[in-house]
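S.K.: Input sequences plus hints: build the corresponding full structure.
As given, the protein sequences belong to chains A and B, one line each in that order. Each number in my numbering comes from the position in the first sequence (counting from 1) with 186 added on. Each number in my numbering comes from the position in the second sequence (counting from 1) with 186 added on.
Keep in mind that the hints are not guaranteed to be accurate.
No copy is singled out in the list; a pair is fine if it fits within one copy or between any two copies.
Claimed, not checked - Listed below are the simulated SDA-like cross-link pairs for lysine to any residue, each with C-alpha atoms no more than 20 Å apart in a straight line:
#1 K363 / P448
#2 K380 / P451
#3 K380 / C440
#4 K392 / P449
#5 K239 / P284
#6 K239 / A283
#7 K421 / E327
#8 K392 / A359
#9 K380 / P448
#10 K363 / A346
#11 K380 / L450
Everything labelled a hint here was simulated from the structure, so no lab data went into it.
Number of protein chains: 2
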Amino acid sequence: MREGGMLTEKISRRGLFRNAGKLAVGAAAMAAMTSGGLAFLSKAEAKGGPTEKWPWPYEKLDPGKTAEIAYNEWYRVFCGAAVISSVFGQLREKIGAPYTSFPIDAFVFLEGGISGWGTVCGSNAGANIISNIIIGPRIAESADGMLMGSEIMQWYSETAMPVFTPSEPKIKAAIPKTISNSPLCHISVGRWMKAANKDLMSPERKDRCARVTASVAYHLTELLNQWKDNTYATKGTIPSKSCGITGQHNCTDCHGSNVPAPPLPKSL
Amino acid sequence: MREGGMLTEKISRRGLFRNAGKLAVGAAAMAAMTSGGLAFLSKAEAKGGPTEKWPWPYEKLDPGKTAEIAYNEWYRVFCGAAVISSVFGQLREKIGAPYTSFPIDAFVFLEGGISGWGTVCGSNAGANIISNIIIGPRIAESADGMLMGSEIMQWYSETAMPVFTPSEPKIKAAIPKTISNSPLCHISVGRWMKAANKDLMSPERKDRCARVTASVAYHLTELLNQWKDNTYATKGTIPSKSCGITGQHNCTDCHGSNVPAPPLPKSL
Numbered sequence: 187m188r189e190g191g192m193l194t195e196k197i198s199r200r201g202l203f204r205n206a207g208k209l210a211v212g213a214a215a216m217a218a219m220t221s222g223g224l225a226f227l228s229k230a231e232a233k234g235g236p237t238e239k240w241p242w243p244y245e246k247l248d249p250g251k252t253a254e255i256a257y258n259e260w261y262r263v264f265c266g267a268a269v270i271s272s273v274f275g276q277l278r279e280k281i282g283a284p285y286t287s288f289p290i291d292a293f294v295f296l297e298g299g300i301s302g303w304g305t306v307c308g309s310n311a312g313a314n315i316i317s318n319i320i321i322g323p324r325i326a327e328s329a330d331g332m333l334m335g336s337e338i339m340q341w342y343s344e345t346a347m348p349v350f351t352p353s354e355p356k357i358k359a360a361i362p363k364t365i366s367n368s369p370l371c372h373i374s375v376g377r378w379m380k381a382a383n384k385d386l387m388s389p390e391r392k393d394r395c396a397r398v399t400a401s402v403a404y405h406l407t408e409l410l411n412q413w414k415d416n417t418y419a420t421k422g423t424i425p426s427k428s429c430g431i432t433g434q435h436n437c438t439d440c441h442g443s444n445v446p447a448p449p450l451p452k453s454l
Numbered sequence: 187m188r189e190g191g192m193l194t195e196k197i198s199r200r201g202l203f204r205n206a207g208k209l210a211v212g213a214a215a216m217a218a219m220t221s222g223g224l225a226f227l228s229k230a231e232a233k234g235g236p237t238e239k240w241p242w243p244y245e246k247l248d249p250g251k252t253a254e255i256a257y258n259e260w261y262r263v264f265c266g267a268a269v270i271s272s273v274f275g276q277l278r279e280k281i282g283a284p285y286t287s288f289p290i291d292a293f294v295f296l297e298g299g300i301s302g303w304g305t306v307c308g309s310n311a312g313a314n315i316i317s318n319i320i321i322g323p324r325i326a327e328s329a330d331g332m333l334m335g336s337e338i339m340q341w342y343s344e345t346a347m348p349v350f351t352p353s354e355p356k357i358k359a360a361i362p363k364t365i366s367n368s369p370l371c372h373i374s375v376g377r378w379m380k381a382a383n384k385d386l387m388s389p390e391r392k393d394r395c396a397r398v399t400a401s402v403a404y405h406l407t408e409l410l411n412q413w414k415d416n417t418y419a420t421k422g423t424i425p426s427k428s429c430g431i432t433g434q435h436n437c438t439d440c441h442g443s444n445v446p447a448p449p450l451p452k453s454l
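M.R.: Dropping the structure here:
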């Protein structure tokens with residue numbers, strides 16, 4: 187990577203991201219023509235234990251109820267585990283096994299972008315875990331689990347968040363909404379903190395993250411219900427397909443106007 | 187966040203990261219004096235299903251054998267699921283339940299930094315999943331699972347990778363080693379691609395990632411064995427503790443010399 191990029195493309199950033207999204211749809215169509223998945227990785231075969239038969243049984247859930255559970259669970263197990271708990275907790279009651287054997291609470295570590303490192307927002311990680319466990323990995327029957335997780339991250343990045351307001355919020359004042367343009371915790375939380383002028387330990391920041399968690403749980407449940415009804419048509423994409431490197435499409439957000447070009451294969 | 191940072195701090199980057207590491211050790215000592223975990227989040231209580239009793243049974247594994255398994259599993263399920271498979275696959279045979287009920291292959295989606303988005307490297311995510319499932323979440327008996335996962339990410343970021351060479355490598359030529367200064371796939375893979383001048387779809391890039399996966403599995407097994415022997419003294423830290431925002435300490439890597447200051451609480 188060349189050095190020297192600048193974080194100065196403030197105005198064009200959104201536009202680039204949105205245009206890149208359109209490109210990515212084309213890339214997804216290309217991907218659908220291949221063996222279903224990341225074309226830079228070879229097709230793999232499944233083996234596995236008794237819970238590695240997909241899809242896992244699923245019954246439609248109420249998105250609003252799921253979001254309320256996720257909101258409240260945030261205050262117990264934080265973003266990633268709260269999303270998992272909101273869906274798998276209900277499925278434990280409705281269906282039982284195999285959901286009863288999944289260690290939901292172990293995923294508390296997704297908080298703060300994995301142990302406070304600010305990488306992927308835990309609510310995105312939790313949503314991907316759910317969609318890929320229920321629908322299965324792309325090496326099994328369908329790539330829809332991966333594509334649904336990717337769709338959640340795209341939606342998360344483009345949406346003024348949080349979109350969900352709980353029925354009994356712990357913070358009564360309005361919570362500002364911000365667009366992260368990123369699935370990463372550091373950028374999502376940082377942009378909100380700047381807009382709200384609230385610190386990381388503030389009750390408002392915590393409630394914002396609880397509401398983002400609930401928002402993701404709500405939308406994920408909508409998509410899972412569509413999938414259950416056989417009406418799910420994924421908007422998910424594999425960004426690296428059209429980039430030549432794993433990443434998002436809003437390159438200038440970190441690189442500025444001097445976006446480095448990765449080594450490309452002769453066929454591109 | 188202010189705009190206008192530049193990616194020009196090439197020389198000082200490593201030094202800052204290392205110095206920040208020292209600061210982080212101090213932060214960890216501070217954290218140990220609190221209720222054990224991310225101080226910006228409140229202490230939570232556990233509830234859960236039958237597999238949510240910690241620690242899970244563990245028997246010491248051979249790091250070299252585990253790394254060989256991870257290397258070969260990369261070519262079946264890729265980085266994140268390969269790390270999980272290398273440890274949990276052996277524990278399924280040695281111990282059985284609860285490892286038999288964990289859907290290892292569902293975690294294929296961790297490839298490419300989660301579905302090709304370039305966020306956290308799947309091998310780091312897989313290592314965190316393992317340490318937090320075996321030792322348990324910080325809301326249970328110990329924060330060591332989270333801290334071990336964090337330690338793996340710090341080691342991954344600072345180490346010339348890959349460190350492990352498989353006994354029967356698929357690529358016979360030497361694979362360049364690079365320091366990522368980041369737990370993120372995009373940065374780790376991108377820096378290696380630049381140094382090696384190899385594209386994302388090249389056999390060399392794939393084998394590099396398989397070896398990184400094996401390297402993480404090797405070191406994780408070393409740490410888990412120490413933990414089993416009651417000799418594990420974590421070097422893991424919670425970076426956000428001393429920053430006021432979730433993230434790493436090498437701020438200039440993306441922000442350049444103009445690092446924005448997050449809103450801070452009055453007590454800091």
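S.K.: If you check each hint against the structure, which ones fail?
M.R.: none
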